[in-house]
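Novice: Residues per chain, in single letters:
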Amino acid sequence: MHIIDRRLNPRGKSLVNRQRFLRRARDMVRGAVRDSLGSRKIREIESEGEVSIKPGGVHEPTLRRDSSSGNRDHVLPGNRVFRTGDRIKRPQSGEASGSKAGQGNGEDEFRFILTREEFLDLFLEDLELPDLAKRQLTASDAFDIRRAGYTVTGSPSALSVPRTMRNAMSRRLAMRRPSKAEMDELEEEIAGLEAKAVPTEKDRKTLGELRERFEALVRRRTLIGYIDPIDLRYRRFEQDPRPISQAVIFCLMDVSGSMNEHMKELAKIFFILLYLFVTRCYRHVEIVFVRHTDSAQEVDEDTFFYSTETGGTRVSAALEEMLDIVRKRYSPLDWNIYLAQASDGDNFTRDNPRTMSLMRDEILPLVQYAAYLEVSDAPASPTAASAMGEERPSNLWQAYQEIGTAGGKFAMRKVHSRKDIYPVFRELFQRRGMARAS
Amino acid sequence: MNAPTSTLLYRGSDWDFDTLQRIYDAVERIAIGELGLNVYPNRIEVITSEQMLDAYASTGMPIFYKHWSFGKQFLANDLLYRKGLRGLAYELVINSDPCISYVMEENSATMQTLVIAHAAFGHNHFFKNNYVFKQWTDAEGILDYLEFARHYIARCEERHGQAEVERLLDAAHALMQQGIHRYPRAAPLNLNAERRREEERRAYEEATYNPLWRTLPKKKRGKRENRDERRRTFGLPQENVLYFLEKSAPRLRGWQREILRIVRLIAQYFYPQRQTKVMNEGCAVWCHYRILERLHKTGQISDGAFMEFLHSHSNVLYQPVYDSGHYGGHNPYALGFGIMQDIERICIDPTEEDRLWFPEFAGGNEPVEVLKNAWANYRDESFVAQFLSPHLIRKWRLFKLDDNESEDEVRVAAIHDEQGYREIRRTLARHHDVAWQDPDIQIVDVDFDSDRKLLLEHSVRDKVLLEPDDAERVLQHLADLWGYEVILTEVSGADRKSLNTYTIEPRPGLFF
Numbered sequence: 001m002h003i004i005d006r007r008l009n010p011r012g013k014s015l016v017n018r019q020r021f022l023r024r025a026r027d028m029v030r031g032a033v034r035d036s037l038g039s040r041k042i043r044e045i046e047s048e049g050e051v052s053i054k055p056g057g058v059h060e061p062t063l064r065r066d067s068s069s070g071n072r073d074h075v076l077p078g079n080r081v082f083r084t085g086d087r088i089k090r091p092q093s094g095e096a097s098g099s100k101a102g103q104g105n106g107e108d109e110f111r112f113i114l115t116r117e118e119f120l121d122l123f124l125e126d127l128e129l130p131d132l133a134k135r136q137l138t139a140s141d142a143f144d145i146r147r148a149g150y151t152v153t154g155s156p157s158a159l160s161v162p163r164t165m166r167n168a169m170s171r172r173l174a175m176r177r178p179s180k181a182e183m184d185e186l187e188e189e190i191a192g193l194e195a196k197a198v199p200t201e202k203d204r205k206t207l208g209e210l211r212e213r214f215e216a217l218v219r220r221r222t223l224i225g226y227i228d229p230i231d232l233r234y235r236r237f238e239q240d241p242r243p244i245s246q247a248v249i250f251c252l253m254d255v256s257g258s259m260n261e262h263m264k265e266l267a268k269i270f271f272i273l274l275y276l277f278v279t280r281c282y283r284h285v286e287i288v289f290v291r292h293t294d295s296a297q298e299v300d301e302d303t304f305f306y307s308t309e310t311g312g313t314r315v316s317a318a319l320e321e322m323l324d325i326v327r328k329r330y331s332p333l334d335w336n337i338y339l340a341q342a343s344d345g346d347n348f349t350r351d352n353p354r355t356m357s358l359m360r361d362e363i364l365p366l367v368q369y370a371a372y373l374e375v376s377d378a379p380a381s382p383t384a385a386s387a388m389g390e391e392r393p394s395n396l397w398q399a400y401q402e403i404g405t406a407g408g409k410f411a412m413r414k415v416h417s418r419k420d421i422y423p424v425f426r427e428l429f430q431r432r433g434m435a436r437a438s
Numbered sequence: 439m440n441a442p443t444s445t446l447l448y449r450g451s452d453w454d455f456d457t458l459q460r461i462y463d464a465v466e467r468i469a470i471g472e473l474g475l476n477v478y479p480n481r482i483e484v485i486t487s488e489q490m491l492d493a494y495a496s497t498g499m500p501i502f503y504k505h506w507s508f509g510k511q512f513l514a515n516d517l518l519y520r521k522g523l524r525g526l527a528y529e530l531v532i533n534s535d536p537c538i539s540y541v542m543e544e545n546s547a548t549m550q551t552l553v554i555a556h557a558a559f560g561h562n563h564f565f566k567n568n569y570v571f572k573q574w575t576d577a578e579g580i581l582d583y584l585e586f587a588r589h590y591i592a593r594c595e596e597r598h599g600q601a602e603v604e605r606l607l608d609a610a611h612a613l614m615q616q617g618i619h620r621y622p623r624a625a626p627l628n629l630n631a632e633r634r635r636e637e638e639r640r641a642y643e644e645a646t647y648n649p650l651w652r653t654l655p656k657k658k659r660g661k662r663e664n665r666d667e668r669r670r671t672f673g674l675p676q677e678n679v680l681y682f683l684e685k686s687a688p689r690l691r692g693w694q695r696e697i698l699r700i701v702r703l704i705a706q707y708f709y710p711q712r713q714t715k716v717m718n719e720g721c722a723v724w725c726h727y728r729i730l731e732r733l734h735k736t737g738q739i740s741d742g743a744f745m746e747f748l749h750s751h752s753n754v755l756y757q758p759v760y761d762s763g764h765y766g767g768h769n770p771y772a773l774g775f776g777i778m779q780d781i782e783r784i785c786i787d788p789t790e791e792d793r794l795w796f797p798e799f800a801g802g803n804e805p806v807e808v809l810k811n812a813w814a815n816y817r818d819e820s821f822v823a824q825f826l827s828p829h830l831i832r833k834w835r836l837f838k839l840d841d842n843e844s845e846d847e848v849r850v851a852a853i854h855d856e857q858g859y860r861e862i863r864r865t866l867a868r869h870h871d872v873a874w875q876d877p878d879i880q881i882v883d884v885d886f887d888s889d890r891k892l893l894l895e896h897s898v899r900d901k902v903l904l905e906p907d908d909a910e911r912v913l914q915h916l917a918d919l920w921g922y923e924v925i926l927t928e929v930s931g932a933d934r935k936s937l938n939t940y941t942i943e944p945r946p947g948l949f950f
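Sequence lines, in order, name chains X and H. Residue 211 in our numbering sits at position 211 of the first sequence, and the numbers go up by one each step. Residue 516 in our numbering sits at position 78 of the second sequence, and the numbers go up by one each step.
Only chain X is shown next, with the shape it has when bound in the complex:
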């Protein structure tokens, strides 16, 4: 008998099958995942989640006998009152014919748990940051230099002395180059013999041999150089194109008193989606959070999402702050800049022209894409919504409307409730070429 410990075997043996299943059920799972946004809490979006789908597409049919027709008999345990010949009302399915109930539920929903990665993949499929392609071309001539081993040719400045000396030494050893000590020894011996006053015949003969040997050694020593061109090694460098999808995202949000909790939550969801999306798709992305009332400041993520401020609303402050940050840290030559702004649309009327001109004349030329999301309370009824939306556009909305689309660079949308956010988000960041598809 053998006992084998398999606990350390590679895990995830079912991973491939699992992925194949998800791919097969992709459309259904994607639908389920997106529906789940409405019911999930913000913090849960990123965690793994349970979804359920209709079994239709992943049903495995077999030829089996119908459970509802025909004559059948049952043998059941636990008789207390029946006698042979008794007649009983046919029980509702799932009672006495319990054995059949287990087989008939083929149409129930199929539920399972997705991992965080699977969830996000499906959630954010088909999205990309707009206009990345444009800067990719201009940015791709920037290179980083990186060491990449050794080469036999190169400029003298790149000569690697240790590597060259190592090669030379091994070559000398291999070719048996006479060493200095060996030569000295021989020379001494010769000198010793030469110094003899009365050399014998034998001495003379030895001396001749030694001199011959010495000369051979000298020849050999000149033939086998101390350093040979073959030993030379140069440090090799390679040029790596610098990461091309370098981008920074500015999240601007109004946190003034006029933004109530509902609106803030909508904005938060939007930013969180954006954040998830960005951190997933692109490695070289930085995010800057700017919140504003009548003044603006850059804050960290937590403060941005979870702390409150009071004050009036001056949108231009936030735009100015953003421009300031861009000037200091994100040169438009090196960075793709994106702007996402969320607000309830309130603004000092006085501030509107300034905001508009900042946006149009200073920011839009710098950025790849700017999206403005106007959040508002859930309308009491659909008709009220359209009435509000059409008759009284907000201050900021009016101002931004004058900008137009700025050549596809600027987009604005309104959002009333949680379930609107995802479609709007998709619309804004849909992969090019797929636009207008949904």
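No lab work stands behind these hints, which were simulated from the structure alone. Just so you know, even glycine gets a beta-carbon here, dropped at the ideal spot from N, CA and C.
Within a straight-line C-alpha distance of at most 27 Å, the following computed DSSO-like cross-link-like pairs (lysine-lysine) qualify:
no., chain 1, residue 1, chain 2, residue 2
1, H, Lys685, H, Lys504
2, H, Lys810, H, Lys715
3, H, Lys833, X, Lys89
4, H, Lys833, H, Lys810
5, X, Lys54, H, Lys504
6, X, Lys89, H, Lys901
7, H, Lys521, X, Lys54
Derived CB-CB ranges, DEER-like:
no., chain 1, residue 1, chain 2, residue 2, range
8, X, Gly70, H, Glu923, 23 to 29 Å
9, H, Arg520, X, Arg147, 47 to 53 Å
10, X, Gly31, H, Glu843, 36 to 42 Å
11, X, Glu427, H, Asp889, 51 to 57 Å
12, H, Arg890, X, Gly85, 52 to 58 Å
13, H, Glu923, X, Pro423, 41 to 47 Å
Once you've looked at the hints, dock chain H against the given chain X.
Specialist: Using the frame of chain X, we list chain H on its own:
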């Protein structure tokens, strides 16, 4: 016994590999020494719960080819397990030589003892000795064959594309239950030889391929064969649909036939397990009960451990009555173990009634021999038909209901009395006959001279037709594989009257 504690195999619930070895040795002494079980060599593998879920997903086998349906299985089990709706099995055992038992690392020492007795000796003995297994499975070759199957299918995916292979497997899986030879005819399978033969055949084909053959003029068709001759040529009627497709489908390519064959052989491998669920589990439960009882009596496990064992033992045997709300059919563990215990009782202490019903062994006082004989020579259906005693029918208060389509009420046809015993026993036995539970579907004819229609027949029993949605989908798969129209007629078994007909055209461009 001066120091009774020294005979204990373990204390508490912790175990290590030495403990496991000690437990195994002790269990083996009883199983082989006292009970005389005949088992394959054992291999015990310790796994985690996650690996157990993995194993579940591939029908318990350690090696299996890739398909999305196993992923679906995995996700479904995963959810149930994580929500605590379902515990995992404590063990999983594979009918192979050596016999592999998986035990979970979370099990307590007592549970490991139970598992070793249950799987490594109970199931193992059953696998090795039962005639259905001997006839249909090749314990020695199964792991090699699965390895071959996995490689073969992976290679097909590389050559022909994953989507193509997946479609084929979908179709083959749908017909899996129609891919079984229910009655033996060929020589016993040797999966190893099977694999070698396929490899040789393919190598030969590749080595001798010569495009010149294609240029030869086609032979003139012979004159029409008559129906009987044709049916004889194709071995019709044929209930093994996958076998028929593999051998005779006109348009399938070589690798497609081979994959059908793989699915068919695996279905065949599992067929004995479906036929012997009650007996197999009953045998394992009887063995573990007997062995643990002996271990306790000889002081090798403590009272506490024995109580723990009894707790899970009785959980396994729980059989709710029909109106309790938990009823979900007969619990095969309870049924099998109940009958086997009853056999023991009849052997040792029979009543007059038992002597009348079981004259062959009542009072024979050799229960283990009788049981071994039963384990070797019966399957569920014949086992119930032979050994379910009136005593048990009374004890479980079994009764039989007749549910007639044309009537509003169901009729109590038999209860646990003198008139009812035999009828109840016969009916229960039939309910455990897999061949009777599965619909009887056969390929009856194929028209190779004109439009190559494939004709199938479902012999309807008791007016129970096929589940229509599923039937349509499966037949669609069948038509796709066959390449031409498929017609399934449901005829009533008695008067051959046609009750229902499906006519399905293949979807063009799917395989051909």
